[in-house]
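K.L.:
These are the residues of each chain, in order.
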Amino acid sequence: MKITVDGLTSIYHNNTPFEHTALNNFTTSFEPGKYYAVIGRTGSGKSTLIQHLNGLLLPTRGIVQVGDLTLKHRTKQRIIHQVKKHVGMVFQFPEHQLFDETILKDVMFGPLNMGLTEEEAEARAEKYLSLLGVPERAFGRSPFDLSGGQMRKIAIAGILAMEPEVLIVDEPTAGLDPKSHIEVMDLFKQIQEDFNITIILVTHDMNDVFEYADEVKLLAGGQLIREGRTEDILTDEKLLTDHHLEIPDIVRLVHDLERKGVVFEGMPRNTDAFITSYREWRALHAQ
Amino acid sequence: MLSNMLLGRYIPGDSVIHRLDPRAKIVSVLLMMVIIFFANHWVGYGLLVLFVLGIIRVAQINLFFLFNGLKILLFILIFTFLLHIFFTRGGTTLFEWGFIQIDSEGLITGIYITVRLVMLLVITTILTLTTSPIELTDAIEKLGAPLKKIKIPMHELAMMISISLRFIPTLMDETEKIIKAQSARGSTFMTGRLKSRINALIPIFIPLFISAFKRAEEMAVAMEVRGYTGEAGRTSYRELNWHLRDTAALIVIIAFGVLLFLVRM
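These protein sequence lines map, in sequence, to chains V and W.
Each residue of the first sequence is one higher than the one before, starting from 30 at the first, in the numbering used here.
Each residue of the second sequence is one higher than the one before, starting from 425 at the first, in the numbering used here.
Among these hints, one or two may not hold up.
Taking lysine-lysine pairs in the DSS-like style, the calculated list, with each CA pair at most 30 Å apart, reads [as the list claims (entries may be wrong)]:
| # | chain 1 | residue 1 | chain 2 | residue 2 |
| --- | --- | --- | --- | --- |
| 1 | W | Lys495 | V | Lys105 |
| 2 | V | Lys289 | V | Lys63 |
| 3 | V | Lys105 | V | Lys63 |
| 4 | W | Lys495 | V | Lys208 |
| 5 | V | Lys218 | V | Lys208 |
| 6 | W | Lys604 | V | Lys101 |
| 7 | V | Lys101 | V | Lys114 |
| 8 | V | Lys101 | V | Lys134 |
| 9 | V | Lys31 | W | Lys604 |
| 10 | V | Lys134 | W | Lys495 |
| 11 | W | Lys604 | V | Lys105 |
| 12 | W | Lys601 | V | Lys218 |
| 13 | V | Lys101 | W | Lys638 |
| 14 | W | Lys601 | V | Lys114 |
| 15 | V | Lys114 | W | Lys573 |
| 16 | V | Lys31 | W | Lys601 |
| 17 | V | Lys218 | W | Lys495 |
| 18 | V | Lys105 | W | Lys566 |
| 19 | W | Lys572 | V | Lys134 |
| 20 | W | Lys604 | W | Lys619 |
| 21 | W | Lys495 | W | Lys601 |
| 22 | W | Lys495 | W | Lys566 |
| 23 | V | Lys156 | W | Lys601 |
| 24 | W | Lys604 | V | Lys208 |
| 25 | W | Lys619 | W | Lys601 |
| 26 | V | Lys289 | V | Lys267 |
| 27 | V | Lys114 | W | Lys619 |
| 28 | V | Lys63 | W | Lys601 |
| 29 | V | Lys134 | W | Lys604 |
| 30 | V | Lys208 | W | Lys619 |
| 31 | W | Lys495 | V | Lys63 |
| 32 | W | Lys619 | V | Lys218 |
Here chain V is said to cover these stretches of chain W; the calculated rule only asks that three of the stretch's residues, wherever they fall, bring their Cβ under 8 Å from a Cβ of chain V [said to hold, decoys possible]:
| # | segment |
| --- | --- |
| 33 | 446-453 |
| 34 | 629-641 |
Quick partial rundown of chain W residues pointing at chain V, CB under 8 Å, derived from the structure [what the hints assert, rightly or not]:
| # | residue |
| --- | --- |
| 35 | Ile602 |
| 36 | Ser611 |
| 37 | Thr612 |
Rather than coming from a laboratory, the hints here were simulated on the basis of the structure.
Glycine residues also receive a C-beta, built at the ideal position from the N, C-alpha and C atoms.
Please work from the sequences and hints to get the whole structure.
P.N.:
Encoded structure:
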């Protein structure tokens, strides 16, 4: 499912003293099946952008085209509901949206809202809970008895069970321990590859962006500054520093090594690839 | 949506009203609440509306913005209005259809009571819009100081009020976030049948209560670890100073009250 944003302008509290333009004449597109990262410092308009992609916010001006559905200034609730079937959204701290008595019921909430029958919804819930490694005996437990990391997984399963074609994730690892962090990030990569869905990741963690994303969109002041392949944008140290973003650790390390005469072919994207590159370099250069 | 809500929200500014001593403002609001009930016919109500509009002007609050923020209470106003229209008898009958009868007296009372309610809302909203919660608490504590003599814990009460006021906007923002999260999961509490709309509130209220309780607990712990013990030997960082303008403000309010009393019929 392709998403096209055309001339999107978004103004909060239009015509009040709090009036604030969050996005200004914004144009971009998201191709199906790719992993995107939306980056930019706080207040750059990232959150506003993603809320437009599934109809939580409607454009003040311009359009958002989701497949063959169009979101405009005054789009009907019925269309918006359709969009939500196709575009799933995992908010920051998604565990805050848990409410039902049991884990299973909570995950079934989304599918049921999409018009599935009880049996279908239950089957979906079981499928995605298993995918996330939740044992079957835990299905009947209350989601509030779990640890933060586990609660987040249940909440994510609740979105996945709706089987969206595009999945938007907003800071999915905020407040997680390092182990859960890796698990959650690997999970999104895995479902992108296995189910061929589009992932749109919003994050401040440039290491995650560098490791997982295919393409990056850099926002500042409500405008698109640059978009393109991750390896082109995240290796541009000046661009990142200008926009108050961290340089990924691996990029920094590779650049430091280059200055010491260790020059790799291509840029490794994660720790394992880095070690492989280093071994290759050793094999060629070691006496 | 909910973020337009103005109840309990403070907007910093630099008008005369903003700079008044919070004690003067609270006393003025209390006086106004009484004075509003002096008006009993159109001259009185007219003066009252003009006076309140004047205050809004002096406080430099955007009128449209103010009423937009109070829209959420429209339901109560309309309900009150209709109640009076249908159930107050007297004067000439304007409209009759089956058991429904509208009298001129009902229409007039309906309008008067609605104006009264709107004025009450506006006056109290002006207070919270122009006074920071901290100032309000300080003022409540100072004004209530005599009550300490009879063992009423004014400091604790003031603290509770200020914490509640402080958390209204936070809870509003939180509600909006949860509404968004659930509506991203396809929850449709804005459309559909009444029953399904009510059911759709459960996924919003439960997370909201949970986070409110968590927040309250964290707050209590944070206060405790910083050694909060209530009033015991507390001095104030902000001293309240009574200026000439505060006395003047009270005189204006009282003068207006007298005027309104004189035009009573």
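K.L.:
Which numbered hints turn out to be false for this structure?
P.N.:
Hints 2, 4, 8, 10, 13, 15, 17, 18, 19, 22, 30, 31, 32, 33 contradicted; others consistent.
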